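Line order of the protein sequences matches chains P and F.
Just so you know, the first sequence maps onto residues 33 to 369 in my numbering.
Just so you know, the second sequence maps onto residues 8 to 650 in my numbering.
I should point out that these hints are in silico values taken from the structure, not numbers from a laboratory.
Hints should not be assumed to be uniformly reliable.
No farther apart than 27 Å at their CA atoms in a straight line, the calculated lysine-lysine pairs in the DSS-like style are these [claimed, not checked]:
(1) P/K104 <-> P/K134
(2) P/K133 <-> P/K159
(3) F/K525 <-> P/K104
(4) F/K525 <-> F/K428
(5) F/K525 <-> P/K42
(6) F/K426 <-> P/K133
(7) P/K136 <-> F/K525
Note that this is a predicted model, so its numbers are computed, not measured.
If you want the building blocks of each chain, they are given just below.
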Amino acid sequence: MIRLSDIVVKFGDFEALHNINVHVQEGEFFTFLGPSGCGKTTTLRTITGFIDPVSGTVEMQGRDITHVPIEKRNIGIVFQSYALFPTMTVHDNIAFGLKIKKMKKDEIEKKVNDIARKVDLSDEQLKKAVSQLSGGQQQRVAIARALVTEPAIICMDEPLSNLDAKLRVQLRNELKKMQKEFGITTIYVTHDQEEALTLSDRIAVFNKGYIEQIGTPNEVYNHSATEFVANFIGDINKLQNGIVSSMHLDPEKAHYIRLERIGVSLAKDGQTETPSGNSVLFSGVIESQEYYGLFIKYTIQAAGQTLKAVEKNDGINIYEPGDKVNLLIDPADVMSY
Amino acid sequence: MYAGSGRHQTEYGMGKLWGIFGGVLFIYLFLGFMVMPCFNTLTSIFSAKDAAGNPDPFAVIRFFFAGNMPSFVLNSLKLAVLLVITVNVVGISIVLLTEYFDIKGAKILRLGYMTTLIYSGVALVTGYQFLYDKDGILTNWLLQFFPNMDRQWFSGFSSVLFTMTFACTSNHALFLRNAIRGIDYNTVEAARNMGAKPFKVLLKVVMPTLLPTLFSLTVMTFITGLCAMSAPTLLGYNSINPEIVRLAGSTTADEAFPQARAALLSIILAIFTIVLLSILNHYERKGHYLSVSKTKAKLVKQKIQNPVANVLAHIYAYVLFIIYMTPVVMIVIFSLQNWQAIRSKTLDFSGWTLINYFGSQDYSYTTSRGKTKIRPDAISGVFANEKTIGGIRLSFILSALAAALACVIVVVAVNYIFKHKNKKRSRVVEACLLFPWLLPTILICYSFRIFFNKEVWYVFGNNMYYAENVRFLIVMAYTVVKLPFALRMVKAAFYAIDEELEDAARNLGASPLVTFLKVKLPIVLPSVLAVFALNFNALFTEYDMSATFQSSYGTSYAMVMQSMCNEEGRDGMNMNASGRRCASTVFIMIVSGLILYLVYGVGARDLGERLAIRERRRKRLQKIGRRLGLSHAAAEDAEVRID
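Just chain F, with the same shape it has in the complex (with noise of 0.2 Å):
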């Protein structure tokens, strides 16, 4: 027996105890919170009755295929066949036109092109119908030039095409990025060093590169079609989504097998988004085109050599960058208009005011009696409005406790899964955590909805959608949502550490724990966090799951927002619900863009980085302290107090 050996055996037992614990747990909440709601779905479907109170389990699919369900299916697929053909044009141009070719202002034009980053879901939709719909800003200036225009050509299928094609090229100008970075020039070199002409290069030599990054984007874009929620429901498009929350909140009274028409719609989504799946891992399978040069050179940006192709280029980028950019700084600009402005959407130059954020201020009007009302704050700002900024504290605390349990849960997950590599139950575990991604978001929170939506005995006889115990159910509703995403990124990060450094703690003494907590975790972190800020930006503004989940004590941002832009003016109330909504979206940008900045720009930092920036910040208050004549000492101490 070698000294040490009782704590090791005790350390020992105590891993395998929270390891048990572990285990259950994450078998208690896969059976609780994916299985169960989505298998009662399934099962709803199939438990229809006759008038005569027997079982008819095809009820509901002959009711599908003898109404006009099919055409709710059938316009999906327009829009998403539509959307990836649009999606990928827009996305691969503005990946070419800032990492590919020389164009001018390419630094601009990226930051425009990622706008969408911080400004997405209904923010973005809202913003889109803020400058198009039959009274927007673009609109109205527009019917100046063409007065013959019809005034509601933002509506319907073509504003929702057209809305969507910019809000989700996101994925576009973050992996199709990295792709085109990844690209080794030297390839590009030697095909023009054989002849082949700038554009033979590209469609030859970059292209296919960039095939399997495409492809997973084009399914991707897919099932974002496919599954497409708020702005067919806020421009009034008839497909799946809209349908599935409007059947999920009808009652037998109104129509026929409601909740099953929702279910069978959910599980239709369900095998769409299998299939495509299916497809793509089968091709990710096939493997990449990986790079086999051991000296890689650094992509040298392309210029246009035709000179009527250059300008046409430039233009064609520009005129992208304004589609962009016109709804953020015309939200930026109109959330400082005052509410008539607002209201009338035209710029007035003396309408200034902070009144969208901050204060409030009473409302008198005339009714329709002669006499004058007024109605205290009804104009208020997004920090004095408790309904507004009560919306976005919930997604907020919603969002950054989901996002954070998606990364918990999947790091201590993937520490377990290269743990047990080649293991099966390691694949089991990754198995579980990529289900949520075969279904659908609107499955998922639908399931959840009508599965919890009474006394469970599985959550201790509580019913999770009564008052505020629906606010878990959204909580753990995002996490699953969020797994699989944090789950493929989270892998890669771990794939980076070298097994070696695990070795070497294990040689110093150090304890699975110490191990995971002091070598692993921190080299994961800049990733783990990356996920984070991505997913808690798109669960912050995010509006399907909201609108499913439809609830007076979930009431997260985007149902605020909608609510109180339906109810503007009514009664003289809310007179500024736009304005206020303007504000409060470019607080959100503002939160959304001070995370990633966060992330992307400081924690990517290694520690080289970390401590050059430190060094010369060292350096530089020395240089101030000499000019200022302060003693060397004081420049220390004043450095010190700064790190």
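Next up, chain P with everything else stripped away, as it sits in the complex (with noise of 0.2 Å):
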């Protein structure tokens, strides 16, 4: 569907993307995640037209639009500030891309129409304006205003990052939903881990101007494919030497470990724990108890070092700091680099 091909984007004498290589399928929620300045954003807009690569090629359908202006390439756009049209009603913010067509009025209104029912939007909405809406009715505004127009793909740039911690979750989910009905390819940046691992099909991890891993979400998850993955993926901790020594791993590399991948469980006096398996028993102290109410997060110290933890809170297993206690360990869930 959409194929970037060494795509080299300079600024002045900063190379901000180096020789990206992507390849978006048909129908598939895609996402770029990375920390600011990775050159998500910069992929995004390089696709979209708003940037000229230096080298490279983009291909759409097959077809070359490396060079190609913004409002030829048949890419809808849902931009992190929404840019909807302060001036204009819902309903004009929506028809505004159909009137730039030169579209039929009665046209138009159908096609406004038609949309606006399948984004969720009332007849009484679309008379009102952009600023009268919540913050959930003007992302709808938006999407509405970018599919309207029957783009090949659709981007969109961060557009959760504005709204409050509840109401981003709810949202994500109506995304996904409408992402689905629709069917249609979508292009979606994030620096949000946790949005992209439930969004997507498939993410593409930026650094510094690289893609670091490109994967499915269990892939880049559990199998991350570099350190630096590793560590901008979920909470994580570092196996210090007295682990690692003990497990016979590496001394060279370095290796990590998830929280919800080690066991704990309560030290009882005089009774000591059978490792199952190939899992290594290490002792430990409570340090801190972080209360998330699901699952509670434990600092624990053990061989010599500071662990994270997590275990399902169900509500009888609950540690207190000082508290002695088993942690198990697996070297199949070691991730080493």
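Hints are included, so try docking the two chains, each in its own frame, into the full complex.
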């Protein structure tokens, strides 16, 4: 559907993107994930045509669109700020692109009403100014405006970043639902790993103008290709010498383990727990506890280092600071680089 | 090749062509109406010749120091320095009294303090004269209580300072008010919580945040004082500007190098202005005290706890209100009085009339030889007196044209500046538009008058000061003078446009022109209209430029008023010139007020507010319809017609 080949973007002497290669499949929800300044928005703007690459090609449906003007690319965009025109009503915002295309009035009306129904905007809301709508409604208008011109793909640049946490989760689900309903290829930019993991079919993790890994959420989370990806996605423990040598891991490499992969249980006096399979047992002491409701995160001193671990909150096995605990680590869960 | 690329290339080609045309026009106007006239003025200082006809480049400068000319500069400096103190005291007072302290009737007080927005320039000065000069209403009234008082108390320096103090607080009323409203109230509460007393909070927390605005206002006030024109001319004070105008109209037969001396005085003013603005610019670049709060709390008015201080503050507020309002009220009242009452400056409760506004009357008088003569239409209203209405009409048209032209130039230029942000050419365009800010108004007008008062090749061999051409020259001068202010305001408005809006419009297929017209312009339009209104109101009653361009074809409202009042009653002519002046001032206040209301009141509403008002109106109409027993359809019909 969209193929970026060896894309290089420069701002003066600064090279913002180095040989980016991505292939987004038809109907896919594809996310560009990374910290600020990593090049994800630059890549998106190269696809949409706001930035001209120094070298490389952008292909859409097999056609080279590298130097095609923005308006001719047939790509819909939902901006970070939504970029809704404040001097127009909701209806006029959605109809803007159709009017530019000089469509007939009744055709415009039909298309606007159709898309409004699909994104759940009422007739009453269509007559309102965009400033009179809530954040969630504004997002729906932005999506409707981007979709009404029937683009081949839709690009979203951090569209949830301006919303509060609760609304963000709610709209995330709606967004996914809408994308499935419309079946439209979507490229989504975010720095929020949770958003990327929950929404995407595939994720490209960006760092300093390079792509570190492209994969499904499970692949990038559980089988992070690089140290950066392992660190950037989710919370992780870096294992120090004590644990590394006890587990007979390669001392030349860096070793990481996800928090939920460490098994925590209360150490009973006089009893020694027998680890199952290849797991290695460590004794530790609870240093502090963070209560999240669904789960509890513990900071534990073990084998001469601080480890973090999460346990499901079953309401019974809740450990207090000072409690002695046993930690079980399976070498198969360790990611080494 | 993709579909439609041909059209795109044609559009690109046309855009490029328009760009070249715009660029050439801009350079032509900049050189012809800014650089060349002012350069001509500068060189004229050094082109003097001695008695033998040999060049003597420093003759004018020697003459300057040998004569009394430095006194004009010193007088202007004295006025500027004292004006900074008095305007800041009054300006800060009116803003604190209406926005910071809890003073009863603050809304009414604010309206009074803001009258200078619609009542300024020559109208204000003559209004003050009307009240305070040797035969003024208030002077007569005060003499009843203080018989030994100097009847001529309102003349010279003190009268100029008094008048300008109250005339120059408009900027405080607008900008300092905005600054104080922008204060995060949480900072005040935090200071109080830490034990600071109210006065300490005002001094240590509130005032420092106002300092950048106050500094800008101080510099602007200083420049206003230095370049004062109407008040010194009408009230009699020897400062720079009136002297420049006098010299500009003088000839070598009367005195030595009048034009070159006028030019030198203009250049001195320009040097002062450039130095002051450089200081201001340097200070502004150092940054402002911006609130770092993400959840700013609205300022809550502070109660003055000490009862004595509270009473004194109320007295002070209402005394200021009386000073601001008295001329306005008196002008309105006397515009409805007959000419005898106005001439004697006593209120005649049986002398109410509309003659100062509408219609005309004959005036009969007895000559020194005992003959009775009738002067037809010697008493006439604003709308019946061709000279007065002609002056108003001309001022209206010239001001509207110039204000609109300044807005168009600036909007197009700012759009260009933002489009080519961080590029050298955009900085050059901006500098060109700010250029007139460095030059005093009088220098620009004087330079125009001298440079274009001959056949000039640059304007196709025309004499632009000749006959009706002078009107074009006035429009150009008005426009040039108002460009820097328009640029600063419009640029601020453009900053408010989210860059993603432009991207969104382009993504949806809009061309740069459509994006500008349909997306960007509607967003900045309220600010552009506000700039238009402020510039228009200032130009409508301005005196300085009209006086410099004195010409029978360019006689603006201000000049008509001045000349008619001067000849009031002479040979039975213009018997009610003062009454007509009062009436015309009232008319102009109404026009200016209406424009400000339309721009700030109606025009500033965003789409949401407009739709909400429309919705309320629709409901109200439906309710009335139901009460009157109208059908729903009829009520809807009425609503559609109103929309």
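Now the hints, each set against the structure:
1. P/K104 <-> P/K134: holds, 15 Å
2. P/K133 <-> P/K159: Cα-Cα ~22 Å, so holds.
3. F/K525 <-> P/K104: With Cα atoms ~20 Å apart, F/K525 and P/K104 stay inside 27 Å; holds.
4. F/K525 <-> F/K428: Distance ~21 Å between F/K525 and F/K428 Cα, so the pair holds.
5. F/K525 <-> P/K42: violated, 32 Å
6. F/K426 <-> P/K133: holds, 24 Å
7. P/K136 <-> F/K525: The given pair, whose Cα atoms are some 19 Å apart, holds under the 27 Å limit.
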